[in-house]
Amino acid sequence: MAEQTGKKFNWHIVVFLAPAVLVYTAVMIFPLFNTLRLALYTETENIRQFVGLDNFRTLFGDPRWSESFWNALANNFWFFFIHMLVQNPIGILLAAILSHPRLRFAGFYRTAIFIPTILSFVIVGFAWKLILSPIWGIAPSLLDAVGLKSLFAPWLGREEYALTTLALISVWQFVGIPMMLIYAALLSIPEEMLEAGEIDGITGASAFWKIKLPLILPSIGIISILTFVGNFNAFDLIYAAQGALAGPDFATDILGTYLYRTFFGFQLQLGDPHMGSTIATAMFAIILIGVCIYLFGIQTRLRRYQF
Amino acid sequence: MTALKLTDVCKTFGTTEVLKNISLEVEDGEFVVFVGPSGCGKSTLLRVIAGLEDATSGAVEIAGDRVNNVAPAKRGIAMVFQSYALYPHLNVRDNMALALKQANESNSTIDERVTEASRMLSLDDYLTRRPAELSGGQRQRVAIGRAVVRHPKLFLFDEPLSNLDAALRMNTRMEIASLHRSLETSMVYVTHDQTEAMTLADKIVVLRDGRVEQIGAPMELYNNPANKFVAGFLGAPSMNFINAAGAVELGIRPENLNLSESGQLQGQVIHVEKLGGDTNIVVTLTTGETVTCRLFGQHDHRVGEQVTLGFDMNRAYLFDASGERIEPS
Ligand SMILES: Nc1ncnc2c1ncn2[C@@H]1O[C@H](COP(=O)(O)OP(=O)(O)OP(=O)(O)O)[C@@H](O)[C@H]1O
Ligand SMILES: [Mg+2]
Chain A
1 MAEQTGKKFN
11 WHIVVFLAPA
21 VLVYTAVMIF
31 PLFNTLRLAL
41 YTETENIRQF
51 VGLDNFRTLF
61 GDPRWSESFW
71 NALANNFWFF
81 FIHMLVQNPI
91 GILLAAILSH
101 PRLRFAGFYR
111 TAIFIPTILS
121 FVIVGFAWKL
131 ILSPIWGIAP
141 SLLDAVGLKS
151 LFAPWLGREE
161 YALTTLALIS
171 VWQFVGIPMM
181 LIYAALLSIP
191 EEMLEAGEID
201 GITGASAFWK
211 IKLPLILPSI
221 GIISILTFVG
231 NFNAFDLIYA
241 AQGALAGPDF
251 ATDILGTYLY
261 RTFFGFQLQL
271 GDPHMGSTIA
281 TAMFAIILIG
291 VCIYLFGIQT
301 RLRRYQF
Chain B
308 MTALKLTDVC
318 KTFGTTEVLK
328 NISLEVEDGE
338 FVVFVGPSGC
348 GKSTLLRVIA
358 GLEDATSGAV
368 EIAGDRVNNV
378 APAKRGIAMV
388 FQSYALYPHL
398 NVRDNMALAL
408 KQANESNSTI
418 DERVTEASRM
428 LSLDDYLTRR
438 PAELSGGQRQ
448 RVAIGRAVVR
458 HPKLFLFDEP
468 LSNLDAALRM
478 NTRMEIASLH
488 RSLETSMVYV
498 THDQTEAMTL
508 ADKIVVLRDG
518 RVEQIGAPME
528 LYNNPANKFV
538 AGFLGAPSMN
548 FINAAGAVEL
558 GIRPENLNLS
568 ESGQLQGQVI
578 HVEKLGGDTN
588 IVVTLTTGET
598 VTCRLFGQHD
608 HRVGEQVTLG
618 FDMNRAYLFD
628 ASGERIEPS
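Protein chains in written order, with this note's numbering: chain A, 1 to 307; chain B, 308 to 636.
Here chain A stands alone, though its shape is the one from the complex (with noise of 0.2 Å):
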């Protein structure tokens, strides 16, 4: 009996199997490999050619590749360390004072910071858009009532500041979801410890430094990754505040928007499938690399806690 059972093929599990795995292979896994071998090939005269490696020659060697390259990198790192910088200690800052248990209308506030999430980036970026505009915004005007007007600058036009000035915005909007999840995190340390703590003269901001922040980095490093992930990702804020030459002058160009002019096209510029696929093979390889840092060299050392 048990020798039959073993022998038998159990087809369920591949019955059961097959609906999900068709369907990711069919939207993600099939466009992902053939983006990264579309990025060996090139097309002369409308014939399609093996160039091997030529691609990447001539993305990270070719000064009029490279240059946009290693700029677009450099500022979506930049962008990357603004959220880090900015967006996480502020999540937690939040979530700390959200779940303070004598918060009144913590529901209000929660909802609230957490509204901007589900906006859509157009709708993020145009509002922000008129909100600095010099012209017909409100900021300056704001600023004048307040006699500071001498404070502001045309944020968004200027290159100093522009790259800057969009990071913050993204933050604007996304800061509700570390929020949520070291509240959520926040809010499974059992009470009785906190108490325990009390007892032992560890309250207020000890308590937070000596014992909630040591049970919620595990989720403080979940969201990193994620940050890293949709920064490197990123696009459509940049897009719709600054359009496809992310400008001015290139200020805000960052891998999302070099890679969609490279891909697609944009004014004079020619769409090419074969370098949009190289840069796109190249943002794969940094983020898989970044991901593979957090994995194996700061996931492995951070504890989960049972309570």
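Do not take every clue at face value.
To be verified - Listed next, the in silico DSS-like pairs over lysine-lysine satisfying Cα-Cα at most 30 Å (straight line):
1) B/Lys408 <-> A/Lys212
2) B/Lys581 <-> B/Lys535
3) B/Lys510 <-> B/Lys312
4) A/Lys212 <-> B/Lys460
5) B/Lys327 <-> B/Lys510
6) B/Lys510 <-> B/Lys381
7) B/Lys381 <-> A/Lys210
8) B/Lys408 <-> B/Lys381
9) B/Lys327 <-> B/Lys381
10) B/Lys381 <-> B/Lys460
11) B/Lys312 <-> B/Lys327
12) A/Lys210 <-> B/Lys408
13) B/Lys460 <-> B/Lys408
14) A/Lys210 <-> B/Lys460
15) B/Lys535 <-> B/Lys460
16) B/Lys535 <-> B/Lys312
17) A/Lys149 <-> A/Lys129
18) A/Lys212 <-> B/Lys381
FYI, nobody ran anything at the bench for these hints, they're computed from the structure.
Using the hints, position chain B with the ligands against chain A.
Okay, now just chain B with the ligands, sitting in the frame of chain A:
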């Protein structure tokens, strides 16, 4: 000196009164057990003493000082929680040391106290382990160690044994008793288990619905209960109550019932528990009441058997309709 004095302590949550005019004293070095059924307010009372809840009214004094407005950490108390509430990210040593570090004690003091506590609780082999790597009993000892290192004037325990299995519970009970003997510090211990209360306490406080029913030494309460509730709560199997003349009820401890041909009560055996040392037989009387009779040693009785039970009237208790004890005149 009194280690703890409560005067007319009341606690309400919204409109529900949980504690009603609780007054009691704990002498220096005394082991006091709060006992009562689930939901009677034992934990709430302990939390009021600890400062985790504020008393709605009344005074809490620890070692002579009124502490109603003093933070928990400054009250000179230490508390052991039912769930242990250890810090999962710290090892055993750091769990015990955290409060001392927070209080800016010197490293040598911290080392000395942690070493002392770990020796006392046999935790030496586990100092570098995290709570997740310990058994329930070991975690329990760490929780006690965390209280011991603070050298409190008063220990508070909230059902510390309820997460342990029966054998471990008995061991830990003995450890707590010997800890109390060696530290000579006052302890307040909450439980709903009357055996724990009887075996550990110098003094028992019986609570019901947020009121103190009776305070006294274990044998005092056992032999001289003030009312039917206390009489029924202490002792296992619990006291038998039989309707006597009028509204008066007769209370007889199971060990004071015996089998005798000339007994006052007739009935049929419905259940027999053979415990080896004792035999408990449950009997339904002809009047309809069910009583338990505890016989010393091993006896052969079968379910369905007709028996006659007798008792000594001098060892019976009388209770009036409201449950108050009628003292023999
Ligand atoms: N924060 C609170 N808000 C409202 N009611 C509460 C609160 N805490 C406790 N109570 C109520 O107070 C009563 C006493 O609770 P408490 O936890 O002190 O009981 P207990 O004697 O410790 O019971 P147990 O033996 O089950 O632990 C219960 O009826 C409970 O519902
Ligand atoms: Mg309780």
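Results of checking the hints against the structure:
Taking the CA atoms of B/Lys408 and A/Lys212, the gap is near 17 Å; set against the 30 Å cutoff, the hint holds. Between B/Lys581 and B/Lys535 the CA atoms are separated by roughly 28 Å; this keeps the pair inside 30 Å, and the hint holds. About 14 Å separates the Cα atoms of B/Lys510 and B/Lys312, which keeps this hinted pair within 30 Å; it holds. Distance hint between A/Lys212 and B/Lys460 is fulfilled; the C-alpha atoms sit about 29 Å from each other, no more than 30 Å.
As the CA atoms of B/Lys327 and B/Lys510 are separated by approximately 20 Å, the hinted pair is consistent with the 30 Å bound. Among the hinted pairs, B/Lys510 with B/Lys381 is consistent with the structure: their alpha-carbon atoms are about 26 Å apart, no more than 30 Å. Between the alpha carbons of B/Lys381 and A/Lys210 the distance comes to roughly 19 Å, so the proposed pair stays at or under 30 Å and holds. Straight-line distance between C-alpha atoms of B/Lys408 and B/Lys381 comes to about 15 Å, which keeps the hinted pair within the 30 Å bound.
With a CA separation close to 26 Å, the supplied pair B/Lys327 and B/Lys381 stays within the 30 Å bound. At roughly 11 Å between alpha-carbon atoms, B/Lys381 and B/Lys460 fall within 30 Å of each other, so this suggested pair holds. Of the supplied pair hints, the one linking B/Lys312 and B/Lys327 holds, its CA atoms being roughly 15 Å apart against a limit of 30 Å. With a C-alpha separation of about 11 Å, the suggested pairing of A/Lys210 with B/Lys408 holds against the 30 Å cut-off.
For a cut-off of 30 Å, the pair hint linking B/Lys460 to B/Lys408 stands: about 19 Å separates their Cα positions. Distance restraint check for A/Lys210 and B/Lys460: the Cα-Cα separation of roughly 26 Å lies within the 30 Å cut-off, and the hinted pair is therefore satisfied. Of the pairs offered as hints, the one joining B/Lys535 and B/Lys460 is violated, with about 35 Å between alpha carbons and a cut-off of 30 Å exceeded. Between B/Lys535 and B/Lys312 the CA atoms are separated by roughly 27 Å; this keeps the pair inside 30 Å, and the hint holds.
The straight-line distance between the Cα atoms of A/Lys149 and A/Lys129 is roughly 18 Å, inside the 30 Å bound, and the hint therefore holds. With a C-alpha separation of about 22 Å, the suggested pair A/Lys212 and B/Lys381 falls inside the 30 Å cut-off, and the hint holds.
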